[in-house]
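Enquirer: Read off the chains here:
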Amino acid sequence: MIYLGWWIVWIVLQTFVLFNTGILSWYAAINDAIITNVILAAGGYVMISSIRFYHPRQILRLAWSIGLALGCVFLIRWIALQLLANEIGYEEFLEKSMIIRALFSWLMISIITILSWMWFYMREQQELESRKTNTEKLAREAELSKLRQQLQPHFLFNSLNSISALVGTKPEEARKMIQELSDFLRGTIKKDDQQFVKLEEELKHLQLCLEIEKVRFGYRLKTQINQEEQTHKMLLPSLLLQPLVENAIKFGLYDTIGEITIRLDARVVDYHLYIRIENPFDPETSQPQPGTGFGLNSVQRRLYLLYGRNDLLSTQQQDTVFTTELKIPQPV
Amino acid sequence: MIKVILIDDEPLARSLVTEYLQAYPQFEIVQSCNDGFEGVKAITQHKPDLIFLDIQMPKINGFEMLELIEQPPSVIFTTAFDEYAIKAFEAHAIDYLLKPFGKERFDKALQKWLQQNSQAGKQTNAALVNEEIRNPEERNRIVVKEGSHIKIIPVHDILYIEAYDDYVKIFTQKEMFLKKKTMSFFEQSLNPSQFVRVHRSYIIPLAQLTKIEPLEKDTHIALLKNGAKIPLSKTGYLKLKTVLGI
Numbered sequence: 001m002i003y004l005g006w007w008i009v010w011i012v013l014q015t016f017v018l019f020n021t022g023i024l025s026w027y028a029a030i031n032d033a034i035i036t037n038v039i040l041a042a043g044g045y046v047m048i049s050s051i052r053f054y055h056p057r058q059i060l061r062l063a064w065s066i067g068l069a070l071g072c073v074f075l076i077r078w079i080a081l082q083l084l085a086n087e088i089g090y091e092e093f094l095e096k097s098m099i100i101r102a103l104f105s106w107l108m109i110s111i112i113t114i115l116s117w118m119w120f121y122m123r124e125q126q127e128l129e130s131r132k133t134n135t136e137k138l139a140r141e142a143e144l145s146k147l148r149q150q151l152q153p154h155f156l157f158n159s160l161n162s163i164s165a166l167v168g169t170k171p172e173e174a175r176k177m178i179q180e181l182s183d184f185l186r187g188t189i190k191k192d193d194q195q196f197v198k199l200e201e202e203l204k205h206l207q208l209c210l211e212i213e214k215v216r217f218g219y220r221l222k223t224q225i226n227q228e229e230q231t232h233k234m235l236l237p238s239l240l241l242q243p244l245v246e247n248a249i250k251f252g253l254y255d256t257i258g259e260i261t262i263r264l265d266a267r268v269v270d271y272h273l274y275i276r277i278e279n280p281f282d283p284e285t286s287q288p289q290p291g292t293g294f295g296l297n298s299v300q301r302r303l304y305l306l307y308g309r310n311d312l313l314s315t316q317q318q319d320t321v322f323t324t325e326l327k328i329p330q331p332v
Numbered sequence: 001m002i003k004v005i006l007i008d009d010e011p012l013a014r015s016l017v018t019e020y021l022q023a024y025p026q027f028e029i030v031q032s033c034n035d036g037f038e039g040v041k042a043i044t045q046h047k048p049d050l051i052f053l054d055i056q057m058p059k060i061n062g063f064e065m066l067e068l069i070e071q072p073p074s075v076i077f078t079t080a081f082d083e084y085a086i087k088a089f090e091a092h093a094i095d096y097l098l099k100p101f102g103k104e105r106f107d108k109a110l111q112k113w114l115q116q117n118s119q120a121g122k123q124t125n126a127a128l129v130n131e132e133i134r135n136p137e138e139r140n141r142i143v144v145k146e147g148s149h150i151k152i153i154p155v156h157d158i159l160y161i162e163a164y165d166d167y168v169k170i171f172t173q174k175e176m177f178l179k180k181k182t183m184s185f186f187e188q189s190l191n192p193s194q195f196v197r198v199h200r201s202y203i204i205p206l207a208q209l210t211k212i213e214p215l216e217k218d219t220h221i222a223l224l225k226n227g228a229k230i231p232l233s234k235t236g237y238l239k240l241k242t243v244l245g246i
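Read top to bottom, the protein sequences are chains C and V. Here this note's numbering is used: the first residue of the first sequence is 1, the next is one more, and so on. Here this note's numbering is used: the first residue of the second sequence is 1, the next is one more, and so on.
In short, the hints are calculated from the structure, not lab data. Just so we're clear, the structure is a prediction, and the values are computed from it rather than from any experiment. Each statement offered as a hint is correct.
Calculated cross-link-like contacts (lysine to aspartate or glutamate; reagent style DMTMM-like; alpha-carbon spacing at most 20 Å):
1. Lys181(V) / Asp166(V)
2. Lys59(V) / Asp282(C)
3. Lys327(C) / Glu278(C)
4. Lys59(V) / Glu278(C)
5. Lys59(V) / Asp319(C)
6. Lys145(V) / Glu284(C)
7. Lys180(V) / Asp166(V)
8. Lys59(V) / Glu259(C)
9. Lys174(V) / Glu284(C)
10. Lys180(V) / Glu70(V)
11. Lys47(V) / Glu28(V)
Sequences are here, hints too, so could you generate the full structure?
Expert: Structure, rendered in structure tokens:
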């Protein structure tokens, strides 16, 4: 609309200017103005469309605008001569004004080029800006939820409550538990910036968590860890096992009554580190699909981001045993 | 002697309360329970004046356990989760202790109980029985007691719910359960986009509905997947129509 209005203004202006030269009749002036400006409008439109899709270099843009202006002028001349052949003195006037026309066309097209280029540039910047803020927001949220998950406030508060109970009756054990809790938290924070760790280290970290849970739940929680000799030095993404084991403990402890045993096996299968976690559960009362818990989902997503594979984590339920299997490809 | 029962799945958490209670010789801990099942049994047996109750426990949580008791005693919740506080006070808890809590905070909770009990006598307890425990979050299972057994029914197993004197009958594919609750309790606690109270005495899940048929002039019945026919009241019919968008 603005574009159209702009050219109508120019048609009116040009008509007056041409008529006031005293050489042309109203009819010739109007026709000349319309032909000139319609063709320039078309030329300008071609320029805008081409700028929208690719951004040529400065020098090319200049050449392109000159070429387009010249093309427009010759087209104007040809059409005007066809239509206004009968007007006396028009042809002579046209020939004389060719240079001015060419300059005028080029000026117009250049203005349009610059304006549209600025417009597209601004829009692109805006888009870039909004995309950047969006990405940053997402990253911040992810960071926050990761932190919250790692700190596990409930685990922390319940452990502190247990310590509080021990302080009165068994201060030595309280001190030991504080030590374990501190080591565990330190490990969690430190591992944050490490991508891969040895299984040995990861299990040591996990053991701390299990020791604390055992103090909390007393005789109810038993654990059994078996690992093949070769797996000690194998690598896995840091803090990957923890949510899986936590999941196992949660389902084991809150889904059944009485003693439970959490089993963890680590083996080598086809150059992969293969880890299997077993926990008891009650198929009748457990909440629908224990496999879709938040913990498992985030592990699945992380594995996909790291290895581009979706087949590394799997879960099974058989009778009252819930099994989680994890395969970690090893660097060659 | 004031009888107290502790219900918490962490032994150390119970021993902490035991220790704090030693300062009050008039309180006697009659039993200490590992989970809600033991809790139900102990409460029915001992009829305590006050219980200390954890929320997250094996199988059934603290709120579900309270639902199973006909005359619940006064409750002080002890938990590490602060997100249940509102729900706890809706269940007429005396207090809500956030783990880990110190002796001073514990004393305050006990004072609160002593005050309430001297002022209103046993009235508060009686009032508590008749009040509903409202569940602000979506409920995905219902806990019922059958003799000494406790059953957990996932809500998607429910065929329909029927009023039955002071009880409601909950029908599932295989069985029928009785629970001492009112219809409005279920109406409020079940997800209203899935369960509709179609009659004074009936609540049906939309997933079970196959057909609505006219019975006589102005009256309708709902046909369920298992063949059951449920009468619809006028308002029930309208409600059903709104929920279904017809």
